[in-house]
Amino acid sequence: MPQTPKTRDVSSPVVVQPTTGGDRLRVEIAGTPLWLLSDKAAWCEASSTVFIADLHLGKASTMRAGMLPVAPGVCRAAAEQDLSRIVRLLSQTNASNLVILGDLIHARQGRDEALLTLVRAWRDSSEIAPIEITLVRGNHDRSSGDPPSDWRIRCVDEGEALPIPGSSASWSLWHVPPINQRGVERFLAGHVHPVFNLRRGGISAGRSPCFHVFDSQITQRSTGLIVPAFGSLTGGAQVPSGWSERCERVVLCAEGRLIELPRAADA
Amino acid sequence: MQAGDFHHVRSWFAKKGWEPFDFQLQAWRAQSEGRSGLIHSATGTGKTLAACCGLLDRAKQRRVDGQSEDESHRLRLLWITPLRALAGDTCKSLQEACEGVGLRWRVELRTGDTAWAAKKRQREKPPEVLVTTPESVCVLLSYPGSSPLLRGVELIVADEWHELMGSKRGVQTELALARVRTLSPKVVTWGVSATMGNTRQAMEVLLGARDAAKGELITGIKGKRYDVRTMIPQQMERFPWAGHLGLRQLPGVLQAIESARSTLVFCNTRGQAELWYQSMLKARPEWIAGLEEEAAAATEFENEGASGGEAGGETPTSKPPIKPPSSTIPLALHHGSLDRTLRLRIEELLKSGLIRAVVCTSSLDLGVDFPPVDQVIQIGSPKGVARLLQRAGRAGHAPGQVSRIVCVPTNALELIEFASARDAIEQGRIESREPMTLSLDVLCQHMLTLACGEGFSESELIREVRSTHAFCELTDQQWQWALTFAFGGGPALGAYDRFARLSRDEHGRVIAVSDTVRRFHRPAIGTIVSEQSIAVKYQNGGMLGTVEEGFIGSLTPGSVFVFAGRRLELISLREMVATVRPARKRTARVVTWPGGRMALSTELAQSVQSRLGEADRGELRGEELHAVSNLLSLQRSWSTLPCPSRLVIELVTTVEGWHAFVYPLQGRLVHEGLANLLAHRLAQAEPRTIAMAVNDYGFELVSTTPLPTDPQSWQSLLQTAGLEEDLTACINAGGLARRQFREIARIAGLISTGFPARAGRRTGPSARHLQASSELFFDVFQQFDPSNLLLDQARREVLSKQLQFTRLRSALQVMQACELTLTSPGRLTPMSFGLWADRLREQLTSERWHDRVERMLASLERDAISNTPPVPEIPDPASREMIDVGGSVVRTDGSEPIIRRRRRGGFGRRPRL
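Those protein sequences? They're chains Y and R, same order as listed.
Following numbering that gives the first Met the number 0 from start to finish, the first sequence increments by one per residue and tops out at 266.
Following numbering that gives the first Met the number 0 from start to finish, the second sequence increments by one per residue and tops out at 912.
Source of the hints: derived by calculation from the structure; they are not laboratory data.
Just so it is clear, CB atoms sit at the ideal spot from N, CA and C, and this is done for glycine as well.
Be careful, since some hints might not be right.
The calculated label-pair distances, taken between Cβ atoms and stated as ranges, are [said to hold, decoys possible]:
{"#": "1", "chain 1": "Y", "residue 1": "Glu-254", "chain 2": "R", "residue 2": "Leu-216", "range": "54 to 60 angstroms"}
{"#": "2", "chain 1": "R", "residue 1": "Ala-208", "chain 2": "Y", "residue 2": "Arg-107", "range": "48 to 54 angstroms"}
{"#": "3", "chain 1": "Y", "residue 1": "Ser-83", "chain 2": "R", "residue 2": "Asp-791", "range": "23 to 29 angstroms"}
{"#": "4", "chain 1": "Y", "residue 1": "Ser-124", "chain 2": "R", "residue 2": "Thr-555", "range": "48 to 54 angstroms"}
{"#": "5", "chain 1": "R", "residue 1": "Trp-115", "chain 2": "Y", "residue 2": "Gly-158", "range": "49 to 55 angstroms"}
{"#": "6", "chain 1": "Y", "residue 1": "Ser-124", "chain 2": "R", "residue 2": "Asp-791", "range": "33 to 39 angstroms"}
{"#": "7", "chain 1": "Y", "residue 1": "Gly-234", "chain 2": "R", "residue 2": "Leu-249", "range": "45 to 51 angstroms"}
{"#": "8", "chain 1": "Y", "residue 1": "Pro-239", "chain 2": "R", "residue 2": "Arg-518", "range": "34 to 40 angstroms"}
Just a few of them, taken from the derived set where beta-carbon distance is under 10 angstroms, the chain Y residues facing chain R [said to hold, decoys possible]:
{"#": "9", "residue": "Ala-59"}
{"#": "10", "residue": "Met-62"}
{"#": "11", "residue": "Leu-232"}
Excised from the complex, chain Y in its bound form (with noise of 0.2 angstroms):
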């Protein structure tokens, strides 16, 4: 039996050499292939279409909103860096559709001009003007409302179906994860902001965002992926403990590359 070491954090130099290096892994969930990608989004590659969640755009104009000393300069700059990883993402994979997975905007207080301009900006420049970009409506757009309609994106609820050309299965798009439905099959969700701590005797390596991917076909539950948080701003969950058992698979995103943590082996 796998014992369970309780580990505590260590601050020292840790060397972590991936298992999987690269910067994208080709998965299958339920049998459709989704390449997962390093800068913490997920494409499709039948409907070219690339998949992020939990953008919390104007999450550091709330904090300011809030009375909480955040330099100006930190809340465009990580909007713009955001929106640049965008641009980046759809020119490498050459895909036409764009699909939010909830959580757009971080609050109503964030939403403020220079924000707007800013993304109307974006919206309309060369690269980003043909997307197509898709919202599936998550628990922070509803609070802080729809995008303007001159950002031109479509929003939807969750449990949206997204058909793949070519085959007769679609994806079902969602914010929170349906994990405890039975039956949903390829979701894929954001809401929870996945991180996992990878540690190596006391050592702790830190915190990385990553992929969840529920691929079983063993247990009656969904099948999906939860995307890592793909804004700046964003703290994270960490992984509960017994995935590996559950045959759940974890990929990290750790400085520019995709790492899939071995599952425990059948003892």
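Fit chain R to the known structure of chain Y by using the hints.
This is chain R only, laid out in the frame that chain Y set:
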């Protein structure tokens, strides 16, 4: 009647049958001449009266002389104490002094516990004497109307200044005092402190630039006698490890308690205190009577609260009715996480001599006197000379009495520490406290505090701030940055910012923009950052105390744990309240609190070094050293004894990898820095994974690839060249700065605390979208706002406080001058065993850890008895390159994962996988 003969005080003293000490007269004289200063001496020697009676006598004299201005009611004496618990008693003795001198002055208390109405009255109709804490002074400054209140202050006394200095509370106090000096230019400042290694500097820090040069340093009664005894274990161990020997000494400790009237048993951690309390009750079941009575009283009162019976309007959180104590209570427990009412009750009983013994932590280091206490027992090494003296001083508090302390080792090496502490006391070498400087987080908080109050003019405040020791080197750039930050991170100068917290009024003074800013800021004033704590309560509301979120988070409902000396079963955890009931199960976990380990101070480390140097020359002085002679000779025969002139590095190879045990004998903090440094330098040379462990004698590095075996390589690893760059790289690579940033972010107001989480209240849902961890802020600032000076401060604090840069550099210099001895003992030695066991503890759950340590110990003891030659070690390649993933161990080279099987035999023999 001429000034300076202190007629009024003297006649009061005479009535009491006292004679003023010379140092008291000296202090009064200095005060009457308008000078500031610091009085330092051991506790319980009349420092309080020395610090205040000069003022009282002068005030009385003026009244006698008929100077009408002194008839007006205004605040004259501001008494700042670090401890709320101390404030009540100070109030009483100041009241007594005022009455004794013949002044009808009001003496009042103002702390975080003072009722709102009383605080308001104090602002409107101030008492003459106000006893308060640094935080409360700052809160006072955050209200408009503070300047008329403080304008007439004639004397500020900072009590127990040694407790405040060296921390950010000290910096906060410095800033607040600078403000009071601006408001009331003729005020004098007096400090009351225990003796420190740098008492003169302590005075200069307290007095600030204006008064430091003219300050008078007054030494209280000298020659207080201390009697430090050690309880030598009957059976000596050869392989010491932390926490092992402790409970074996229980019979001796019980005997000592039974032979004294009233005993304080000091433990170094709260967990240790709980453990000893439990063990004592187990060994002396008849002592449970006390506990039962306590529990019965608690339950009784809970029932009253729950049924709402005769108690009427009494709420469950109100003070339990204190029964007139009929008989003595044999044993009680006291530590900082227990409920305050419980602690106060124990302190009351202790004062009246109704408790035989109290197991306590540093929670009773300071504070009110307990005259009945005639014996102090220290469990484990005190790790510092000052701490030992402070604790010893709790017995025989009255002047002239001998302070006795019995030291109980929890491992054999601590015997050397006790002997060394006695040396240091004899030589009068006591630790210094380094004052903190340029704490911009505290400055930002202070700016906001003043802006919430009466506002400030920038030119005036910068002069004021620079008059403190902490900020005397503040640059214009740092000042501007802090001001910008206080404004809300946005442009501070002129430009309109929608989210600014501060603005300028028509006179150009900086003020808070709204009452919302004030309402949010006031509860956030303070520099003590504690882990989020969870209240522990009985089902019917009886409060037991608080535990850290991290501990309770690891429990599931139904789990049993020991807290407040009781076995408790967790029922539920909801909204910051853990509901519990008495447990029936026998086994239980003891609550663990983070950061319990104290580091050996420089002074004590030096004494330990010289003791080991003597031992190396064959001189064994005192019974402690004789008791450990077996251990020392085994160390010498298997390896070499580390001593000041010799740096020993033991190289051992096991299934875990390649180990190096290095013994610089510099104390835990320096070793932590050294271990990080060496690990970094080794990893620079060749990518590898290194785990480490540190204690007060040395550190261990375990590498997955071979470590150098020649002295030259080790010499070059220990060089001082490039030290600062390498350490900075360590700080950036590890999470050190990120962790330090937590405190800074909280003090600077980046983390919204909302209203204080008291008794289960939590931040309202409206503030939830503002929640962000300090770690996130750290990352975001590093990426998008790298010039943020708080990041720089975090690095500076890690470098100077945690890694002890100055001490580290001098340690490296000393080590380079040392003779370097590399040995290959082929197994663990008496000195390395503790390090190995400690590192293992970090990795394994406690049951498995005990198993492994016991097995290892048995095998080493066998070797020691038969004195067999060391077994050569062959590392097993199959066990390398493993990473620990969610509970299973796997290979990283892509091959089939291997599950680590339980290894038997452990060290010293080949593994059977």
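Now the hints, each set against the structure:
1. Glu-254(Y) x Leu-216(R): 54 to 60 angstroms: The hinted range 54 to 60 angstroms holds for Glu-254(Y) and Leu-216(R), with Cβ atoms some 56 angstroms apart.
2. Ala-208(R) x Arg-107(Y): 48 to 54 angstroms: holds, 49 angstroms
3. Ser-83(Y) x Asp-791(R): 23 to 29 angstroms: Once the Cβ atoms are compared, 28 angstroms apart, the range 23 to 29 angstroms for Asp-791(R) and Ser-83(Y) holds.
4. Ser-124(Y) x Thr-555(R): 48 to 54 angstroms: holds, 52 angstroms
5. Trp-115(R) x Gly-158(Y): 49 to 55 angstroms: holds, 52 angstroms
6. Ser-124(Y) x Asp-791(R): 33 to 39 angstroms: holds, 36 angstroms
7. Gly-234(Y) x Leu-249(R): 45 to 51 angstroms: holds, 46 angstroms
8. Pro-239(Y) x Arg-518(R): 34 to 40 angstroms: holds, 38 angstroms
9. Ala-59: holds, 7 angstroms
10. Met-62: Where the cut-off is 10 angstroms and the nearest Cβ of chain R is about 6 angstroms from Met-62(Y), the hint holds.
11. Leu-232: holds, 6 angstroms
When the structure is compared with the earlier hints, no violation turns up for any of them.
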